[in-house]
Amino acid sequence: MKIILFANTEWYLFNFRLSLAKALQACGHDVMLISPPGEYGARLQALGFRWEVLPMDRKSLNPLQELRLLGYLCRLYRREQPALVHHFTIKCVVYGSIAALLARVPARVNAVAGMGYVFTNQALKARLLRPVVRWLMRLVINGRGARLILQNNDDMAAFAKAGLARPELTRLVKGSGVD
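Using our numbering, the letters of the sequence shown correspond one by one to residues 1 to 179.
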């Protein structure tokens with residue numbers, strides 16, 4: 001089975017998802033890692049993983065740049081035809097899940113550690129983005145083939161209170177990325 005892991009930095013994949021990627025590979029799965037460029041990409045490749053560099057700026061709000069990223073992800077998912085995609089962090093969850101839905105990827109696993117900047121910061125930018133991100137998250141983290149992984153009971157309560165995730169599609173793990 002082909003599985004894609006998508007994070008907002010290659011450093012994150014190397015430091016927190018390498019054991020998952022290795023375990024999946026050891027089980028015979030075709031594992032592809034995707035992230036923006038960075039020095040850890042070469043390390044991932046040296047370990048035998050396919051690593052795809054994305055044109056992603058995790059802090060960008062430029063609509064053209066964001067549409068370019070979404071289009072790139074859609075083309076990538078259509079080309080690779082994964083059976084499952086696993087997204088980490090809110091931006092990757094939203095963009096990756098939209099692309100997965102458009103590319104008809106059968107299964108989406110989304111992992112979020114906390115509510116993130118948009119939901120916790122009171123800056124004008126965060127407050128303006130909040131309703132858009134809330135609507136997008138409701139759209140992509142619920143539904144057929146989707147599961148959401150959260151790391152603590154506070155996150156479970158916060159996501160439920162915000163109406164972001166259906167409880168039956170949400171799973172709780174006690175931390176992540178630590179052996």
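Because the hints were derived from the structure by calculation, they are not lab data.
Errors might be hidden in some of the hints.
Capping the alpha-carbon separation at 35 Å, the derived lysine-lysine pairs in DSBU-like fashion look like this [as the list claims (entries may be wrong)]:
hint, residue 1, residue 2
1, K174, K22
2, K59, K22
3, K22, K2
4, K59, K2
5, K59, K174
6, K125, K22
7, K125, K174
8, K174, K2
9, K125, K59
10, K125, K161
11, K174, K161
Hint check results:
{"no.": "1", "hint": "K174 x K22", "in the structure": "holds (21 Å)"}
{"no.": "2", "hint": "K59 x K22", "in the structure": "holds (29 Å)"}
{"no.": "3", "hint": "K22 x K2", "in the structure": "holds (14 Å)"}
{"no.": "4", "hint": "K59 x K2", "in the structure": "holds (29 Å)"}
{"no.": "5", "hint": "K59 x K174", "in the structure": "holds (28 Å)"}
{"no.": "6", "hint": "K125 x K22", "in the structure": "violated (38 Å)"}
{"no.": "7", "hint": "K125 x K174", "in the structure": "holds (31 Å)"}
{"no.": "8", "hint": "K174 x K2", "in the structure": "holds (26 Å)"}
{"no.": "9", "hint": "K125 x K59", "in the structure": "holds (12 Å)"}
{"no.": "10", "hint": "K125 x K161", "in the structure": "holds (22 Å)"}
{"no.": "11", "hint": "K174 x K161", "in the structure": "holds (20 Å)"}
Checked against the numbered hints above, the structure breaks only hint 6 and satisfies the rest.
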